[in-house]
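There are 2 protein chains.
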Amino acid sequence: MSNPVSRREFLNLLAATGGTAAVIGITSALGMIPSSASASAPELLRLSNQNRKAVILGAGISGLTVAYELTKAGYDCTVLESSHRAGGRVFTVRAGTLIDEIGNPQYCQFDDEPHMYFNAGAARIPSTHTNVLHYCKELGVDLELFINENKMAWIQDDNIMGGKPIRNAELTTNVRGFMAELMNKAMSEVELDKPFTDEEAELVLQMIHAFGDLNAEGRYTGSNRAGYASGNYVTHTVQKEMIDVRNLLRANAVRQVISDNEGETGPMLMQPVGGMDRIPAGFARQLDSRIKYKAQVLSLNLRDDGVSVEYQQDGQRQLIEADYCFNSIPSHFMNGIPNNLPTEYTQAMKYIRRGTAYKGAFQGKERFWEKEGIYGGISWTNQPIRQIWYPPHGIHKAKGVVLAAYDYGNGMAFTRMTHEQRIEAMIVQGEKVHSNYRSMVEKGVTIAWHRMNHMLGCSARWNVVTPEEEQIFSTLQHSVNGRYWLIGDQVSKHTAWMESAMQAAHVALAELDQRVRAESASA
Amino acid sequence: MSNPVSRREFLNLLAATGGTAAVIGITSALGMIPSSASASAPELLRLSNQNRKAVILGAGISGLTVAYELTKAGYDCTVLESSHRAGGRVFTVRAGTLIDEIGNPQYCQFDDEPHMYFNAGAARIPSTHTNVLHYCKELGVDLELFINENKMAWIQDDNIMGGKPIRNAELTTNVRGFMAELMNKAMSEVELDKPFTDEEAELVLQMIHAFGDLNAEGRYTGSNRAGYASGNYVTHTVQKEMIDVRNLLRANAVRQVISDNEGETGPMLMQPVGGMDRIPAGFARQLDSRIKYKAQVLSLNLRDDGVSVEYQQDGQRQLIEADYCFNSIPSHFMNGIPNNLPTEYTQAMKYIRRGTAYKGAFQGKERFWEKEGIYGGISWTNQPIRQIWYPPHGIHKAKGVVLAAYDYGNGMAFTRMTHEQRIEAMIVQGEKVHSNYRSMVEKGVTIAWHRMNHMLGCSARWNVVTPEEEQIFSTLQHSVNGRYWLIGDQVSKHTAWMESAMQAAHVALAELDQRVRAESASA
Numbered sequence: 243m244s245n246p247v248s249r250r251e252f253l254n255l256l257a258a259t260g261g262t263a264a265v266i267g268i269t270s271a272l273g274m275i276p277s278s279a280s281a282s283a284p285e286l287l288r289l290s291n292q293n294r295k296a297v298i299l300g301a302g303i304s305g306l307t308v309a310y311e312l313t314k315a316g317y318d319c320t321v322l323e324s325s326h327r328a329g330g331r332v333f334t335v336r337a338g339t340l341i342d343e344i345g346n347p348q349y350c351q352f353d354d355e356p357h358m359y360f361n362a363g364a365a366r367i368p369s370t371h372t373n374v375l376h377y378c379k380e381l382g383v384d385l386e387l388f389i390n391e392n393k394m395a396w397i398q399d400d401n402i403m404g405g406k407p408i409r410n411a412e413l414t415t416n417v418r419g420f421m422a423e424l425m426n427k428a429m430s431e432v433e434l435d436k437p438f439t440d441e442e443a444e445l446v447l448q449m450i451h452a453f454g455d456l457n458a459e460g461r462y463t464g465s466n467r468a469g470y471a472s473g474n475y476v477t478h479t480v481q482k483e484m485i486d487v488r489n490l491l492r493a494n495a496v497r498q499v500i501s502d503n504e505g506e507t508g509p510m511l512m513q514p515v516g517g518m519d520r521i522p523a524g525f526a527r528q529l530d531s532r533i534k535y536k537a538q539v540l541s542l543n544l545r546d547d548g549v550s551v552e553y554q555q556d557g558q559r560q561l562i563e564a565d566y567c568f569n570s571i572p573s574h575f576m577n578g579i580p581n582n583l584p585t586e587y588t589q590a591m592k593y594i595r596r597g598t599a600y601k602g603a604f605q606g607k608e609r610f611w612e613k614e615g616i617y618g619g620i621s622w623t624n625q626p627i628r629q630i631w632y633p634p635h636g637i638h639k640a641k642g643v644v645l646a647a648y649d650y651g652n653g654m655a656f657t658r659m660t661h662e663q664r665i666e667a668m669i670v671q672g673e674k675v676h677s678n679y680r681s682m683v684e685k686g687v688t689i690a691w692h693r694m695n696h697m698l699g700c701s702a703r704w705n706v707v708t709p710e711e712e713q714i715f716s717t718l719q720h721s722v723n724g725r726y727w728l729i730g731d732q733v734s735k736h737t738a739w740m741e742s743a744m745q746a747a748h749v750a751l752a753e754l755d756q757r758v759r760a761e762s763a764s765a
Numbered sequence: 243m244s245n246p247v248s249r250r251e252f253l254n255l256l257a258a259t260g261g262t263a264a265v266i267g268i269t270s271a272l273g274m275i276p277s278s279a280s281a282s283a284p285e286l287l288r289l290s291n292q293n294r295k296a297v298i299l300g301a302g303i304s305g306l307t308v309a310y311e312l313t314k315a316g317y318d319c320t321v322l323e324s325s326h327r328a329g330g331r332v333f334t335v336r337a338g339t340l341i342d343e344i345g346n347p348q349y350c351q352f353d354d355e356p357h358m359y360f361n362a363g364a365a366r367i368p369s370t371h372t373n374v375l376h377y378c379k380e381l382g383v384d385l386e387l388f389i390n391e392n393k394m395a396w397i398q399d400d401n402i403m404g405g406k407p408i409r410n411a412e413l414t415t416n417v418r419g420f421m422a423e424l425m426n427k428a429m430s431e432v433e434l435d436k437p438f439t440d441e442e443a444e445l446v447l448q449m450i451h452a453f454g455d456l457n458a459e460g461r462y463t464g465s466n467r468a469g470y471a472s473g474n475y476v477t478h479t480v481q482k483e484m485i486d487v488r489n490l491l492r493a494n495a496v497r498q499v500i501s502d503n504e505g506e507t508g509p510m511l512m513q514p515v516g517g518m519d520r521i522p523a524g525f526a527r528q529l530d531s532r533i534k535y536k537a538q539v540l541s542l543n544l545r546d547d548g549v550s551v552e553y554q555q556d557g558q559r560q561l562i563e564a565d566y567c568f569n570s571i572p573s574h575f576m577n578g579i580p581n582n583l584p585t586e587y588t589q590a591m592k593y594i595r596r597g598t599a600y601k602g603a604f605q606g607k608e609r610f611w612e613k614e615g616i617y618g619g620i621s622w623t624n625q626p627i628r629q630i631w632y633p634p635h636g637i638h639k640a641k642g643v644v645l646a647a648y649d650y651g652n653g654m655a656f657t658r659m660t661h662e663q664r665i666e667a668m669i670v671q672g673e674k675v676h677s678n679y680r681s682m683v684e685k686g687v688t689i690a691w692h693r694m695n696h697m698l699g700c701s702a703r704w705n706v707v708t709p710e711e712e713q714i715f716s717t718l719q720h721s722v723n724g725r726y727w728l729i730g731d732q733v734s735k736h737t738a739w740m741e742s743a744m745q746a747a748h749v750a751l752a753e754l755d756q757r758v759r760a761e762s763a764s765a
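Order-wise, the sequence lines are chains C and L.
Reminder that position 350 of the first sequence reads as 592 in the working numbering, one-by-one numbering, no gaps.
Reminder that position 285 of the second sequence reads as 527 in the working numbering, one-by-one numbering, no gaps.
Think of the hints as simulated: they come from the structure by calculation, not from any bench.
Incorrect hints may have been included.
Put simply, identical chains are the same to the list, so a pair is met inside one copy or across any two.
PhoX-like mimics (lysine-lysine), calculated; alpha carbons at most 20 Å apart, straight line [unchecked claim]:
#: 1; residue 1: Lys295; residue 2: Lys406
#: 2; residue 1: Lys536; residue 2: Lys674
#: 3; residue 1: Lys534; residue 2: Lys685
#: 4; residue 1: Lys641; residue 2: Lys536
#: 5; residue 1: Lys406; residue 2: Lys641
#: 6; residue 1: Lys534; residue 2: Lys607
#: 7; residue 1: Lys379; residue 2: Lys613
#: 8; residue 1: Lys379; residue 2: Lys607
#: 9; residue 1: Lys379; residue 2: Lys641
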């Protein structure tokens with residue numbers, strides 16, 4: 243791989259994409275934010291007239307957040323967006339949508355129905371993401387449940403069960419049984435650091451038994467939780483045979499699914515009804531003509547008394563003068579745009595590296611997964627597609643859209659392929675999970691985020707751990723001369739989430755507001 | 243308690259109401275039905291004319307299923323329902339709904355909006371319940387996700403944390419950490435029955451570390467999965483302090499939540515959009531005037547050539563003659579209705595005992611739980627209310643309905659109270675979970691199922707385990723003289739689920755069909 247990922251970066255990527263729990267011994271999923279936490283949008287000083295101008299570069303979540311809040315407070319805002327749409331990496335693909343990947347432009351051919359969409363970028367909202375939820379409420383974006391974990395979904399790994407998929411419930415139940423037996427043994431035989439009283443030991447044993455469905459002798463001998471081999475509610479049932487955990491250990495997904503329900507990707511998760519782009523659409527409705535599309539920034543000139551941004555729209559070079567600039571252009575792009583930012587600042591920006599990610603989706607000719615008892619959730623595989631997501635919406639309708647590949651943090655295997663090769667690879671790999679996959683899927687779309695026009699990257703890749711990194715982060719998080727701010731999830735400690743982009747926007751807004759309030763006080 | 247519950251009955255009740263996982267060492271949640279299982283409705287011989295008459299007693303799920311299938315096959319069906327509505331224990335309460343509890347009749351005062359309802363009976367559909375899902379699809383009942391487990395919901399127990407509620411995530415993360423440490427210790431120190439290879443042991447350790455978020459030394463020292471004490475995505479975060487598991491052991495919910503996500507109440511669950519009564523309403527639409535409401539059965543006379551049922555409607559005694567009778571009247575009721583069923587049969591019916599259950603609900607003046615970051619799911623408490631359920635639908639609307647008490651398998655504490663006392667008790671207990679509860683809830687409804695008119699019981703209480711029980715079950719599951727069948731979840735091995743009622747109906751239909759086919763062949 244030409245662009246190797248450090249271990250820490252990998253962990254960070256996993257954290258942003260639902261895989262952190264698989265990480266062992268070093269870090270953990272980003273946890274719940276404090277229960278007292280509410281939306282972080284600062285209460286901006288309301289201007290008495292519109293004589294303060296702000297130019298916002300990029301109509302992604304961060305830029306939209308800044309423009310929306312400043313407009314509410316009476317600032318005169320202009321958003322320059324280089325592409326034809328708002329949202330950035332919040333991107334819902336449906337009938338007719340252009341996927342503007344360089345070398346692989348496609349128009350989506352899905353059936354034109356409200357439930358037939360694919361969230362190609364951000365795809366789930368943890369219930370701890372209070373700012374996203376706050377704006378959904380404020381902008382009238384309807385939400386519905388979303389779920390990662392489905393015990394009926396499949397685990398497929400070439401290294402276990404001869405590559406045959408097994409139900410999530412069957413894998414996790416057997417693993418839990420093994421774990422409980424191990425704990426039971428430890429309770430019986432091991433001298434604990436802090437020995438328990440008899441009563442406490444009994445409660446621990448009860449907990450262990452409940453966890454693993456052990457029998458009275460403290461042994462795991464299989465459990466109905468794993469599913470029945472045969473029978474129903476009015477006949478005899480035959481329990482599935484237990485699986486020795488050593489037959490499951492080599493599945494990547496063992497570590498994944500035993501932890502996937504914890505932290506940020508555990509319940510509750512939500513999604514907007516009709517597609518994630520309902521969020522940028524909600525902002526854009528409020529901002530209206532303040533957003534200029536297909537407006538490409540050519541240069542940025544920062545002065546003590548303001549900022550000039552040169553841009554091109556409809557073949558015309560234009561100049562906008564503003565008091566303030568909020569810039570969400572990905573740093574790897576911004577480094578190539580002529581600017582007079584301080585050297586320390588541009589050096590810091592170079593530390594942020596661009597991420598890669600690949601997603602693909604198919605229209606199901608029918609909702610074949612529901613015939614397998616799968617309603618929403620994720621199947622895991624050790625194929626490069628990694629995951630298959632089933633839509634939690636449109637239950638029992640004629641068709642639906644499945645996410646057919648989600649190769650986060652790398653995506654290079656698919657990137658090198660043509661569109662047709664990607665489709666074929668997704669089918670061949672998907673067939674390992676659903677044997678009838680080839681006959682069931684059609685109209686595939688593929689998207690390598692690091693090749694998307696106007697982006698050329700997915701979520702930024704960096705960590706803020708060392709003192710040097712803290713210094714870089716601090717440099718980028720604060721304004722240059724009180725007139726210029728970097729925004730976006732790239733200037734957060736937990737990239738790739740809408741929540742991060744919003745919080746970064748709020749940090750910049752709060753700093754601006756402090757300055758404006760000081761000026762007002764001294765005026 | 244005047245009506246003690248045997249241990250096995252208690253386990254059965256738990257299984258039916260989402261608590262089985264708490265059971266230790268003896269049994270387990272009913273598992274997934276086989277992956278190949280599909281709807282069990284028999285393909286009935288289609289009659290060429292409507293000269294076969296069936297009378298169905300009771301318009302609950304089982305009676306509706308029988309009437310629907312027989313009508314489709316050309317039988318002339320009449321359903322006698324003693325109450326004013328179809329659905330039985332599938333009962334959605336909304337503005338204006340009569341709760342016909344003896345001694346406590348109420349009309350629900352909730353605001354009249356589509357999302358303002360409370361499923362007072364059946365309230366969730368596991369994705370393994372293929373028959374329920376089959377009929378939802380066939381009858382055009384729209385479904386949406388439902389969820390039990392929400393890591394942001396509260397665990398409150400007077401025996402831990404000084405009675406102060408803690409987040410589900412905080413409890414489970416600390417328990418998992420402890421468990422993983424225990425396993426780690428066992429792996430290090432205990433001679434396993436089947437020793438692992440070095441590679442296997444490493445994979446097991448990785449799994450254990452991932453499970454409990456252990457540090458590199460195999461110790462649990464707290465985890466972000468439990469939530470942050472402070473901080474967000476753009477500032478430093480401070481992890482919550484770990485909780486020694488011995489401080490959590492005495493919570494009933496420890497055993498509950500560590501297992502609640504397994505088996506029948508694990509994901510995926512669903513609910514009909516707009517209320518569970520969309521399912522009986524779907525059947526009733528198809529059956530139309532074939533259902534006679536407020537028709538109370540007075541006597542049943544079974545003959546070799548048919549069956550006569552006397553009933554009262556609008557003050558009139560009426561007689562219906564039919565070829566077949568399908569009876570879903572609860573056995574404790576049926577035993578009091580004059581009939582000529584064989585003694586062996588009526589003796590068997592007496593073995594089925596009536597269950598008890600209590601549910602209550604409030605309208606929230608606002609969706610106060612969402613301000614605490616709770617979107618759907620269940621909070622657990624050791625108070626008699628046991629659970630608080632938050633609606634997974636109507637997110638961010640002005641108001642919503644919370645289930646405020648669910649005392650399954652007993653409910654006697656609330657039964658003895660007046661309506662006003664119940665409301666007050668639910669508030670006092672709910673305040674332990676939500677300190678502002680009293681000011682937030684209004685328009686409470688309460689329902690003791692075992693005192694509901696026309697029912698006087700909740701799900702039947704019995705198990706089919708011993709040979710004697712198997713004999714009783716077999717007697718009740720088969721027809722009396724090929725003309726009379728007992729139906730309902732009462733004649734299933736897993737009472738209280740709609741799925742059980744449907745499967746019991748299908749068993750009866752299949753036996754009838756076999757007889758009709760034999761007659762046709764010999765005619």
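Tested hints:
In the homo-oligomer, the alpha carbons of Lys295 and Lys406 never lie at most 20 Å apart, since the shortest distance is 61 Å inside one protomer and 50 Å across protomers. In this assembly of identical chains, Lys536 and Lys674 lie within 20 Å of each other by CA distance neither inside one copy nor across copies; the values are 42 Å within and 55 Å between. For a Cα distance limit of 20 Å, the shortest separation of Lys534 from Lys685 qualifies neither inside one copy, at 32 Å, nor across copies, at 50 Å. For the homomeric pair Lys641 and Lys536, neither the shortest alpha-carbon distance inside one copy (34 Å) nor that between copies (42 Å) is at most 20 Å.
In the homo-oligomer, the alpha carbons of Lys406 and Lys641 never lie at most 20 Å apart, since the shortest distance is 26 Å inside one protomer and 47 Å across protomers. In the homo-oligomer, the alpha carbons of Lys534 and Lys607 never lie at most 20 Å apart, since the shortest distance is 38 Å inside one protomer and 42 Å across protomers. For the homomeric pair Lys379 and Lys613, the shortest alpha-carbon distance between copies (12 Å) is at most 20 Å, but the shortest distance inside one copy (35 Å) is not. Taking the shortest Cα distances, Lys379 and Lys607 sit within 20 Å of each other only across copies (17 Å), while inside one copy they are farther apart (34 Å).
Taking the closest pair of Cα atoms, Lys379 and Lys641 come within 20 Å of each other only across two copies (13 Å); inside a single copy the shortest separation is 30 Å, beyond that limit.
In summary, the numbered hints that this structure violates are 1, 2, 3, 4, 5, 6.
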